[in-house]
Amino acid sequence: MRLLARFLAGLMLTAALPAALAADPTAPATPRADVTDTYHGVTVTDPYRWMEDMNHPQWKAWLKTQADHAAAVLARIPGRDTLRQRIAELSDAGESVFALERRGARVFYLKSEPGHDSPRLYVRRNLGAPERLLLDPHAVPRQPGRHSIDFHTPSPDGRLVAVGLSVGGSEDSVLRVFDVASGRFLREAIRGAGLNDGVSWRPDQRSFFYNRTPPAGADGGAERYNKSAVYLHVLGRDPAKDPAVFGWGVTPSRRFDAPDVPYVFTTPGSPWAHAVVLHGDAPERSSYVAPLSKVNGPDTPWRRVIDPADAVLHATLAGNRLFAISTRGASRGRLVSHDLGRPTRAPVEVIPQGQAVLRRTALTSDALVIEALDGGVSRLTRVPLGRGTPAALPLPFDAIVRDFEGEPTSADLLVRMEGWTRAASIHRIAADGRATDTGLQKPLPLDTSGIEARRVMVKSADGTAIPLSILMRKGLALDGSHPTILFGYGAYGISMEPRFSAQRLAWLERGGVLAVAHVRGGGEFGADWHNAGRVIHGNKQNTIGDFIACAEYLVSTGYTSRAKLAGTGGSAGGITIGAAITQRPELFAAAQSAVGLSDMLRMELTPNGPPNIAEFGTVANPDHFKTMFAISPYHRVTDGTPYPGVIVTTGANDPRVDAWLPGKMAARLQAATTSGRPVLLRVDFDAGHGMGSTKSQYVSELADVWSFFLWQMGEPGFQPAP
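Residues in the sequence shown are numbered from 1 upward in steps of one, following my numbering.
These are calculated hints, taken from the structure and not from any lab test. Treat the hints with caution; some may be incorrect.
In silico lysine-lysine, DSS-like type, Cα no more than 30 Å apart, as pairs [to be verified]:
hint : residue 1 : residue 2
1    : Lys459    : Lys474
2    : Lys626    : Lys459
3    : Lys695    : Lys474
4    : Lys111    : Lys626
5    : Lys241    : Lys294
Ranges of calculated distance between the beta carbons of each label pair, as one might list FRET restraints [as the list claims (entries may be wrong)]:
hint : residue 1 : residue 2 : range
6    : Asp398    : Ser481    : 14 to 22 Å
7    : Thr557    : Pro716    : 20 to 28 Å
8    : Ala129    : Ala477    : 49 to 57 Å
9    : Arg206    : Asp623    : 50 to 58 Å
10   : Asp34     : Lys442    : 53 to 61 Å
In this text, a Cβ means the ideal position worked out from N, Cα and C, and glycines have one as well.
Starting from the given sequences, assemble the full structure and let the hints guide the process.
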């Protein structure tokens, strides 16, 4: 009661906000203040609307109290510290090299290493040369504190690197320019550059295009994702004087919507600039071109080549051609080529639709290489830029391609590959298909020979076959006794491709099972698979039904039992797991909603809301609202229901899913459940959506969540004393 008294005193609530005791008796009480809205004739009551003001002392005090409560409960789980130690050992078992960038012979990459909490930036003069540390984000000169490297884009000659640095997992990047030879930053420090997946250097090596959102006080206020434009920066110039060349408000005659995100790209050897517009989180995008020499401000003569009706997912500039992967009339994608010198000519089909799903391209000196997903395995096709026909480019073994790096001055590729049970390796693949291990990635000192990965097909409620990937120890008896975690996502057309994780061994080696449901809404089978789980098409229940079907399969076939099954989903997967436990609470012993989207009716009012309307709909549309309200996890929680044990995790600095969204879900479950099982809100006050989190942060969260699951599953060694 002392904790409760301190909590209520800290909130300074008025008598008009009565505190309702939670049905989870262990949880701190959460004040309830009902707000009523009417959408298309439907009345909706929101008891925790007050949480949406995250600057209010009430919210901050409540979040701290919930975090303290969760930490105290988790600390009582006896096996947690031992499990954390094992996960930490596996996390530090070896090095991981990723985010490869080549410029000529030089190769840049990030590397996660034992003894270092965040990835550091390295360079080699060539693949065989010794590596050199360029930047440690925890030791940025004259900038104390823990930073993370959000992006790095070397100049064409590899002498300079544009780097994005942010703190506390905020993804609020400051664009800096690093001199490779001197190891020092130049004077540049450009704020509002958090969307820069697309810094692109000009051939002069002294200037680049970059995306920037409006600063505080400018028209539109301090936008996080909206109303952005592309600017041209010349080294040494005050960024405030950088001219805008494309995007929001640049040219009155060319209209952009607030969620549109524009980029401008250049390609060595091409006389064109390629402007790409992402229309929020819609997969379809637009492309414009202009002579590179004439890109200088609002009067740039941009010409539209591709619009959303063309259903283009990816486009690459090569000389006078623009190659595009289109799903128009081809759900799994086809490759077409636009001749930029002949704008009236229709695009030419280069590769027709096949069984594999075309996903992305890489450009070499003489070819365009396409990566496709074929039943969970990557396939490469080489398309000569000159004469010749497309041909398969063999990979050294069947796996998924994670990094895929071409270089316009070289005929070969760098490919980083991995699988469920195979740690990553990085290979150089020549034009004739010869593959050589580069040695950039050292083998991990881990034995995975005792682990197997299975892929089965599960019939969903409507009869659709859903892929389910299952990881387990070889020879494990299917007797229903194994602690099992089922993961699901299902949004944006993102495929849950096979990935290796050393930390998984901490679960598998103790006889646990891990499973991934490849639900609709993802991209495993192309655009149709995505649309079949998309709110704007009225199909989001398919995502949830697929996840539930996979959970039932794991129980019915003896991999686990309901008493040993946990479900988890993160971010957009918060809809999947949140809806699953509200529709079928008896199916799970425990669940995690990680930085999860839970209140679908209010998400669009957050800074990241407008871009997501393309995926999750808007309450302004009556058809969208009907689908949204029917599955919104927060609104489907019912008083007096015995829910499983739930751990909701969030980062206080999350720029993608505001922390009040997980907060409202946790409070609603605490008030409603009658199972006697705990509902915890775990908060990391120095983290965001997970991007930029340190190794130790990830280890701690994983140990907390898995320990919570094992506790709820009744596993010996994880049961707190009464």
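Item to check | Distance restraint hint 50 to 58 Å, applied to the beta-carbon atoms of Arg206 and Asp623 | outcome: 51 Å, holds
Next on the checklist: Assuming the hint says 14 to 22 Å, is it satisfied by the Cβ distance from Asp398 to Ser481 or not?
Outcome noted: 32 Å, violated
Next on the checklist: 53 to 61 Å was suggested as the range; check whether the CB atoms of Asp34 and Lys442 agree with it.
Outcome noted: 58 Å, holds
Checklist entry - Hey, Lys695 versus Lys474, does the alpha-carbon distance stay inside 30 Å? => result 29 Å, holds
Checklist entry - Are the Cα positions of Lys626 and Lys459 separated by 30 Å at most? => result 26 Å, holds
Checklist entry - Taking the beta carbons of Ala129 and Ala477, is their distance inside 49 to 57 Å? => result 51 Å, holds
Next on the checklist: For a C-alpha distance cap of 30 Å, please report whether Lys111 and Lys626 respect it.
Outcome noted: Answer violated: Lys111 to Lys626 is near 46 Å, above 30 Å.
Checklist entry - If you draw a straight line from the CA of Lys241 to the CA of Lys294, is it 30 Å or shorter? => result 18 Å, holds
Next on the checklist: For Lys459 and Lys474, compute the direct alpha-carbon distance and say whether it is at most 30 Å.
Outcome noted: OK: Lys459 and Lys474 at ~25 Å, within 30 Å.
Checklist entry - Measuring from beta carbon to beta carbon, are Thr557 and Pro716 in 20 to 28 Å? => result 25 Å, holds
Hints 4, 6, counting from the list given before, are not met by this structure.
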